[in-house]
Amino acid sequence: MARDRVIMLADCQSFYASVEKAEHPEYAGRPLVVAGDPERRSGIILAACPIAKEYGVITAERLGDSLAKCPDLIIVQPRMALYIDISLMITHIYQSYTDLVESYSVDEQFLDVTGSLHLYGSAEELAALIQKRIQEETGIYTRFGIGPNKILAKMACDNYAKKNDSGIYTLASDKLATKLWTLPIAKMFMTGSRMTRHFNAMGLETIGQLAATPLEKLKTLMRRKLGRNSDINAELYWRIANGLDDSPVTPGTHETAPTTIGHMMTLPRDYESLEEIKVVLLELTELVCQRCRSKGYMGHVVSVACMGADYSKPSGFSRQMKMDDPTSVTNQVYRYAVQLLKRHWDGLPVRKVGVSLSQFAADDEYQLSLFEPNQEKWMALEKATDAIKRKYGDTSIVRAVSATKAGQAEDRARKIGGHYK
Amino acid sequence: MRKKLEGNGLWESSRMMLPEHKAAINAYSESLRRRVRIELDEQEWEQVSRVVSESLLRRQPISVRLFHPVELLTVIGIVDRVDELKGRFMVDGEWFPIGDIEGAALEAE
Chain A
1 MARDRVIMLA DCQSFYASVE KAEHPEYAGR PLVVAGDPER RSGIILAACP IAKEYGVITA
61 ERLGDSLAKC PDLIIVQPRM ALYIDISLMI THIYQSYTDL VESYSVDEQF LDVTGSLHLY
121 GSAEELAALI QKRIQEETGI YTRFGIGPNK ILAKMACDNY AKKNDSGIYT LASDKLATKL
181 WTLPIAKMFM TGSRMTRHFN AMGLETIGQL AATPLEKLKT LMRRKLGRNS DINAELYWRI
241 ANGLDDSPVT PGTHETAPTT IGHMMTLPRD YESLEEIKVV LLELTELVCQ RCRSKGYMGH
301 VVSVACMGAD YSKPSGFSRQ MKMDDPTSVT NQVYRYAVQL LKRHWDGLPV RKVGVSLSQF
361 AADDEYQLSL FEPNQEKWMA LEKATDAIKR KYGDTSIVRA VSATKAGQAE DRARKIGGHY
421 K
Chain B
1 MRKKLEGNGL WESSRMMLPE HKAAINAYSE SLRRRVRIEL DEQEWEQVSR VVSESLLRRQ
61 PISVRLFHPV ELLTVIGIVD RVDELKGRFM VDGEWFPIGD IEGAALEAE
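Sequence lines, in order, name chains A and B. Note that the first sequence covers residues 1 to 421 in full-length UniProt numbering. Note that the second sequence covers residues 1 to 109 in full-length UniProt numbering.
Next comes chain A alone, as it looks inside the complex (with noise of 0.2 Å):
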């Protein structure tokens, strides 16, 4: 029989905050916050050190609500660049101890190793190794759940890991009884708010309540509650509530061939006349066939989303159309995604947009069109533009709305997901 996985997820702690504070010495034991730009509407706290948070600080709040429980709060702005890079510097210790490292998010990763135990003892000692080490030399403190799979793994180090003082944990299987089953649902795995409210409706207050549940029922319940096409999450969430869970450490797995491209930005002002969100409409379209195009892929399905202004009254619209021919060439796909925003935008003031691509084929070989006699030559002019964005920055050659007050190509430029580079 197979050796049983020995699975580690490692988290760091506050992680764009203790970055921050790695790279500013004089800021050490003052509360300091990462916090986006209030002006542009993304001014919420991205990250807080644990002395922000003992002031009450939470992630995600609004900065002013920060500010008046913390006044001396230090504000940073966010780096998204740097915070990339220490990832990756992170990544390359873990792969010093395996070489099966998968990152899950910017400051989480899993390791498996079981292959590498052997030279270190046990995992939890290989566990305070690897912590002390990336302590030493980046500065942040990282914790590690252990388990003989990833569930467990990532269940261990959010559930204990996060709160003891070592910061190591292992949730092994025939520990579930005492340590998993008796956490209330809202513990588990993948269980927000919404689905925690699901699950106490159908009289499921603790994780061992779900586990206990027999799949089959589980089923009908969740069908009844959440509609016909439950049955997969039913048994996702009934894995995960049994700690069951096969899949591997799979350090490639970023490489895979996306099945979407899409991009999708919350506007620094509400946009309220058709002109304006055809301009943002356009930038995204123009950043979504650039990405296309550098992949080499062409799309055949356009979708457009719009979210309203309102949060009190929810409007907007996610609606997507297949275009007669795939392609990358941006007026093409403008021209299709306005169709969409047309036909569906209620009139509403918008805040957030979306484009994206999908159904791929391969940009090399493509359909003659009647209706597109000039393919050939609007393919050149966008690879033409691609390399001069490639070689001088994206904004070295914009569409001349960009120019206009509703424009955001040059802001966006400076921006990893939302947030200053």
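Hint data in this document are derived by calculation from the structure and do not stem from the laboratory. Take these hints with a grain of salt, some might be off.
[Stated by the list, open to error] With a cut-off of at most 25 Å between alpha-carbon atoms, the simulated DSS-like pairs for lysine-lysine come out as follows:
id : chain 1 : residue 1 : chain 2 : residue 2
1  : A       : 383       : A       : 322
2  : A       : 405       : A       : 278
3  : A       : 219       : B       : 22
4  : A       : 322       : B       : 86
Following the hints, position chain B against chain A.
The following block gives chain B in isolation, referenced to the frame of chain A:
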């Protein structure tokens, strides 16, 4: 939907990865796969030139291993010409740089 229950699906569908982060990870793992040039010593060069002249003079098919940063590149065929001045040799009408040669052997008939 079904994919969530198979392979690595659960984690691929639930992760939060910035596209820039993904690109950086992929660029790094690609850099690890890049091959470095092999330096041939005198004896190996002698072996290569013997095989190449064998092919050139007696029309024997040979396989020549060439350097390529990411791929395993082998040219199989009969050497038509060798241009030592420009440092290149021709197989089936196509020129290849002599400097890229990492090894050569006679093809088994």
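Here is how each hint holds up against the structure:
Under the criterion of a C-alpha separation no larger than 25 Å, the hint pairing residue 383 (chain A) with residue 322 (chain A) is consistent with the structure, at around 24 Å. A distance of roughly 12 Å separates the Cα atoms of residue 405 (chain A) and residue 278 (chain A); the hinted pair therefore holds under the 25 Å criterion. Restraint check for residue 219 (chain A) and residue 22 (chain B): the C-alpha separation of about 35 Å exceeds 25 Å, so the hint is violated. Straight-line distance between C-alpha atoms of residue 322 (chain A) and residue 86 (chain B) comes to about 54 Å, which puts the hinted pair past the 25 Å bound.
In summary, the structure is inconsistent with hints 3, 4 from the numbered list given earlier, while agreeing with the others.
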